[in-house]
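**Student:** Sequence:
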Amino acid sequence: MRAPEFWHAPPGLAAGLLTPLGTVWDTAARLRRALTRPYRAPVPVVCVGNLVAGGSGKTPVVLSLARLAARHMAAHVVTRGYGGRLAGPVRVDPTRHDAIAVGDEALLIAAVTPCWIARDRAAGIRAAATAGAELVLLDDGFQNPSIAKNLSLVVVDAEYGFGNSRVMPAGPLREPIGAGLARADAIVLIGKDDAPDSVDRAGRPVLRATLVPRHADRVAGARVVAFAGIGRPAKFFASLTASGAIVAATQSFPDHHPFTEIQIARLRQQASDSDAILVTTAKDWVRLPSPLRWDIAVFKVDLRWHDECEVAQLLAAVLRHPAHDRTNG
69 MRAPEFWHAP PGLAAGLLTP LGTVWDTAAR LRRALTRPYR APVPVVCVGN LVAGGSGKTP
129 VVLSLARLAA RHMAAHVVTR GYGGRLAGPV RVDPTRHDAI AVGDEALLIA AVTPCWIARD
189 RAAGIRAAAT AGAELVLLDD GFQNPSIAKN LSLVVVDAEY GFGNSRVMPA GPLREPIGAG
249 LARADAIVLI GKDDAPDSVD RAGRPVLRAT LVPRHADRVA GARVVAFAGI GRPAKFFASL
309 TASGAIVAAT QSFPDHHPFT EIQIARLRQQ ASDSDAILVT TAKDWVRLPS PLRWDIAVFK
369 VDLRWHDECE VAQLLAAVLR HPAHDRTNG
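Under this note's numbering, read the sequence shown as residues 69 to 397, first letter to last.
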C-alpha cells in the first residue's frame, strides 16, 4: 500500500469527506480495547509501537533496545511478520527463511537477536518464553489490546509528526493523537529537536534519538540511482543526499513491495544510463531474491540515543517491577 498524498498535507476535501469513516474506525478500536481480556505473559513485555501507518523508525528502536537488554538478559522479539506467508509462531532463521516466508522486518531483527513471527502475538510470546526469553520486545502491537504490556513506547518521526492528524482513512493515524499518547509510558522522538506540539502536551517522558547512516563515506561523492519500498521513501532519498551522494534518479514503490526481476532489470538499465550505482535500504534489500542482489548497494542506518543511560534506566525499572502493565497500551 502507498499512502495517499493527502495524508501528508493540511486537511482538505478528501480528508474531510473521509473523517466520518475515521470516527467509525476509532469507535471500533475503543470497543475492542474495552471488551478484550489481555494475555499476561510470564516475562516482562516491552511494546514498541506508533500512532501512524507506515514507517516511523520502530525497527531501529527495537534493534537498539534488543542490544541494550542483551547485556543483562535473554531478550527476544515478537513481531507479526507483516508481508510473510507464515502465521507462526515460528522462530526466524535467516539461513532458511526469506522475506516471502516471514517478512522483511523479521529478517532484519533476526540478524541481531532471537525473533519470532506470530500473527497471534500471545502465542508468539508464549513460544519465546518457553525458549528461554527473559524479556520480550513486541515490535508493533501498541493498538492491539490482547497483550498486557509492562512498558509501551510510542515512536514519533519528528519531521513527519502525525501527517494531517486525521484517523484512517482520512489520514495516517491509527487512533487519535491524544488518546494514543496518553496510553504510552514514554515517547521516542526520532530526528530534529523540535517536537510536535501534541508530544509536548502529552506529559510523557521523551527519549530523543537520531538515525545515523552506517558507512556514509561509501556513498559520499558517488552517483546513485536510489529505490525504496518503505513507508516514506523520500526520507531515505534525503538521507542519501545528506550523506554526500549524487542522486541521479529515484524510484518509489509501495511499502513492503515484492520486487520482480523485470523491475530490477529496468532499474539496472537506468543506473547504467546515468553512470550510477543502484542503492536501496536494508529493509528493501532483504526482500530482493538472492540472485538479484549482487550489484545493489545497501544504505544502512543505526539508532543513536541522545541519552542512552536514560533508556537503560527505563528498561531496568521494568525488570525490577515486572508486575506493572499497561493492559490497553
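No lab work stands behind these hints, which were simulated from the structure alone. Hints should not be assumed to be uniformly reliable.
What the hints assert, rightly or not - Below are the DSSO-like pairs computed for lysine-lysine, each with C-alpha atoms no more than 30 Å apart in a straight line:
1) K368 / K260
2) K260 / K303
3) K368 / K303
What the hints assert, rightly or not - If you anchor each label on the Cβ, the simulated ranges turn out as follows:
4) R269 / A384: 48 to 58 Å
5) R291 / E329: 16 to 26 Å
6) R336 / T309: 29 to 39 Å
The beta-carbon is built from N, C-alpha and C at its ideal position, and this holds for glycine as well.
**Student:** Taking the hints in turn, state whether each one holds.
**Tutor:** Outcome of the hint check:
At most 30 Å may separate the alpha-carbon atoms for a hinted pair to count; K368 and K260 meet this at roughly 19 Å. Simply put, K260 and K303 have alpha-carbon atoms about 13 Å apart, close enough for the 30 Å limit, and the pair holds. Annotation: proposed proximity of K368 to K303 holds, straight-line Cα distance about 13 Å (limit 30 Å). Our hint of 48 to 58 Å for R269 and A384 is violated, since their Cβ atoms are close to 28 Å apart.
At roughly 24 Å, the beta-carbon separation of R291 and E329 lies within the given 16 to 26 Å, and the hint holds. Roughly 22 Å separates the CB atoms of R336 and T309, a value that falls outside the hinted 29 to 39 Å.
Hints 4 and 6 from the list above are not met by this structure, while the remaining hints are.
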